[in-house]
Amino acid sequence: MIDNWQTFLIEGIYFLAAILFILGLKKMSSPVTARGGIIWAGVGMILATLATFLTPHLSNLDLIVIAIILGATPAWWSAKKVAMANMPQMIALYNGMGGGAAAAIAGVELIRASAGHELSNTVQTLAVLGAIIGTISFSGSIIAFAKLQGLIKKSLLFNKQQIINLGLFVFLLVLGAVIVYIGSVPVIVIILFFLVALVFGVLVTVPIGGADMPVVISLFNALTGLAVAFEGFVLSNAAMIIAGTVVGAAGTLLTQLMARAMNRPISNVLFSGFGAAEGQEASDNAGIEGSLKPIDATDAAIMMAYAEQVIIVPGYGMAVAQAQHKIWELTRALIERDVRVKFAIHPVAGRMPGHMNVLLAEAGVPYDIIFDLEEINAEFEQSDVALVIGANDVVNPIARTDPNSPIYGMPILSVDKAKNVVVIKRGKGTGFSGVENHLFYADNTRMLYGDGQKMAGELLQGIKEL
Amino acid sequence: MIEGLVALYIFMLAAFVGYEVIAKVPVILHTPLMSGSNFIHGIVLVGAMIALGHADTNLEKAIGFIGVMLATGNAVGGYFVTERMLEMFKTSKGDK
Chain A
1 MIDNWQTFLI EGIYFLAAIL FILGLKKMSS PVTARGGIIW AGVGMILATL ATFLTPHLSN
61 LDLIVIAIIL GATPAWWSAK KVAMANMPQM IALYNGMGGG AAAAIAGVEL IRASAGHELS
121 NTVQTLAVLG AIIGTISFSG SIIAFAKLQG LIKKSLLFNK QQIINLGLFV FLLVLGAVIV
181 YIGSVPVIVI ILFFLVALVF GVLVTVPIGG ADMPVVISLF NALTGLAVAF EGFVLSNAAM
241 IIAGTVVGAA GTLLTQLMAR AMNRPISNVL FSGFGAAEGQ EASDNAGIEG SLKPIDATDA
301 AIMMAYAEQV IIVPGYGMAV AQAQHKIWEL TRALIERDVR VKFAIHPVAG RMPGHMNVLL
361 AEAGVPYDII FDLEEINAEF EQSDVALVIG ANDVVNPIAR TDPNSPIYGM PILSVDKAKN
421 VVVIKRGKGT GFSGVENHLF YADNTRMLYG DGQKMAGELL QGIKEL
Chain B
1 MIEGLVALYI FMLAAFVGYE VIAKVPVILH TPLMSGSNFI HGIVLVGAMI ALGHADTNLE
61 KAIGFIGVML ATGNAVGGYF VTERMLEMFK TSKGDK
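Chains A and B supply the protein sequences, listed in that same order.
Per the numbering used here, the first sequence starts with residue 1, numbered consecutively.
Per the numbering used here, the second sequence starts with residue 1, numbered consecutively.
No lab work stands behind these hints: they were computed from the structure.
Every value quoted in this text rests on a predicted model; they were computed, and no experiment measured them.
It cannot be assumed that every hint is accurate.
[Unchecked claim] Derived BS3-like pairs (lysine-lysine); straight-line CA-CA distance at most 30 Å:
#1 428(A) <-> 454(A)
#2 24(B) <-> 26(A)
#3 293(A) <-> 428(A)
#4 342(A) <-> 419(A)
#5 81(A) <-> 160(A)
#6 24(B) <-> 342(A)
Excised from the complex, chain A in its bound form (with noise of 0.2 Å):
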């Protein structure tokens, strides 16, 4: 099997790079060691491709050191440039690249296969498949990043669109199995393959709302890792089977733990669109109790010096502001002063699990002051004052009382308990979900109405001056 010492030592180098992915990610799962395993992923990144170089018969290396060059700076370029509130966008975008990618080795084995290279059936099939996962993920990973970085704003359905996708998809299975069935198909077939996976992955991507992009993010991620994975075996890459493997399965399980998170099923997410929720919206503005109260910054700054805890609850607005910082600051203000302060994340507050959590990070926040939902749930009993910034659905109390609440189910943050509640928020608008927020109206409730870093930073003002 193995002919000579070239395929020896690559084939060895592939085996100890899987490993350290998998050693990587591993580590990167617990917060103590986590730095660790990114750089150990990353050395065995480095050792497999300077392994490929040493592939028999590597023609074109020219090209492929102009390519990497090429590739390699704007990526690194930006990654180091993008501030940590547009992070989930850019992971949309390198993981969009990833599908391409997988979809372009794709396309160079079908075409030298239609050129006379012909691959088995079972090959071809693999080629075809991770072809179409690559490509959807691939466009559909770029319109995410569009809507993330605001370059869409609307969320597109229109009429039939579900059926005009299903005819789509099935229009592209079939073109696929030709490609499969007859082997050496005209060039011609086959862009028109890609052409018809690229428009599909648009068009299901573009009906999804803000809210869900998380989920198809995490989604696309599993898709692109299945996509290398199936070009591993076309190319009998053991390297490329087993990482893209592992993330597809990593992947496909982040993908159904946030979809839980959100009560939403995937099927829902992805067939829906959020769009469907705002028709509701005026019927639940009818049978809300109370006003909306508002509240001046030296008087909520007050009420929180003087408390015993304190917990925040930060959303996206937080993120949109810039907040983080100010936030910090007044934390340790109020830690001076002997309150206990707690930080409160739901696990889709922001634009994906966790994003929060790396904007406070940033600032300098101790993760051990953070707290999950189920951590912390219990302790807004106890607490004086919830200071909400920035979030609006997952505090909504609707989610436990409205069975007709489009985010019926959803598990929130029990906020609605804290004796009092402090919401920083720019106006009166709905969340993403286009659902009133009860929460804003209800007796222990008060509104700080501005931007959200310019109120940290009076908060932080009024209680200093105490």
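Here the structure of chain A is known, so what remains is to put chain B in place on it, guided by the hints.
The following block gives chain B in isolation, referenced to the frame of chain A:
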């Protein structure tokens, strides 16, 4: 060459590994982890290099070239984004 059934075994075992490794991840690491796994499928670079390495016609070379570029973007971007995120995790005790 990796024979069909052996490939299937690799696939199955790797799938279990992926599932198990992630199963005990705290929510606070979800985004970095998604980013980290995003980096790991950057291994597609190896495949893209091989594909470009045996491309003959100009069309194949062009597609292979784009493939290598995209794959490098995936690996390099994924690495630095993940590293930047993980760099920030600290405890209040001050150690890393």
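Verification of the hints:
no., hint, result
1, 428(A) <-> 454(A), "holds, 17 Å"
2, 24(B) <-> 26(A), "holds, 10 Å"
3, 293(A) <-> 428(A), "holds, 12 Å"
4, 342(A) <-> 419(A), "holds, 15 Å"
5, 81(A) <-> 160(A), "violated, 41 Å"
6, 24(B) <-> 342(A), "holds, 23 Å"
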